[in-house]
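Asks: In this note's numbering, the protein residues as written are 288 to 408.
Worth double-checking, as some hints may not be accurate.
Said to hold, decoys possible - Simulated pairs of lysine-lysine, DSSO-like, Cα-Cα distance not exceeding 30 Å:
#, residue 1, residue 2
1, Lys314, Lys332
2, Lys314, Lys327
3, Lys380, Lys366
Stated by the list, open to error - Quick list of the computed label-pair ranges, beta carbon to beta carbon:
#, residue 1, residue 2, range
4, Lys366, Leu334, 43 to 51 Å
5, Thr383, Tyr331, 40 to 48 Å
6, Pro373, Leu334, 49 to 57 Å
No wet-lab data here; the hints were simulated from the structure. All of these numbers come straight from a predicted model, not from anything done at the bench. Cβ coordinates follow ideal geometry from the N, Cα and C atoms, glycine included.
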Amino acid sequence: PRKESFFFQLGFEDVIAEPELTHSFDKVWICSHALFELSKYLIYKLLTLVLAIPLALVVGIVFAVLSCLHIWIVVPFVKTCLMVLPSVQTIWKSLTDVFVVTFFQSIGRCFAMVNIRLDQE
């Protein structure tokens, strides 16, 4: 987990930013360092406790509503239009071929030349 979230790691020295040669008294430095680490840990745990469950619930509800709308409204409407109006089917296929297929083919060609090399450090 440390490799993926390296930009979230915030150290005490990054926040306080006292130069190496001009530190405060040792006891003050140690206490402030301990207080910083403790508050960072506790606030993270508190925010996770307070926000994780409600956000998961909201995202689950949104996903369920969107899935329901797609399954029971969007797909039947498109199928009905394509069944009733053959000309709409021709136009729909043409628009899909012109815009969607072309877009994804160009994106595929852009990413076809991407090479990933993993180095062991």
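Asks: Confirm or reject each hint.
Replies: Status of the hints after comparison with the structure:
About 27 Å separates the Cα atoms of Lys314 and Lys332, which keeps this hinted pair within 30 Å; it holds. Of the pairs offered as hints, the one joining Lys314 and Lys327 holds, with about 20 Å between alpha carbons and a cut-off of 30 Å not exceeded. Note on Lys380 and Lys366: the hinted pairing holds, with a Cα-Cα distance of about 13 Å set against a maximum of 30 Å. Hint check: Lys366 to Leu334, Cβ distance near 45 Å, so the stated range 43 to 51 Å holds.
Roughly 46 Å separates the CB atoms of Thr383 and Tyr331, a value that falls within the hinted 40 to 48 Å. Between Pro373 and Leu334 the CB atoms are about 56 Å apart, so this pair conforms to the stated range of 49 to 57 Å.
The structure meets every hint from the earlier list without exception.
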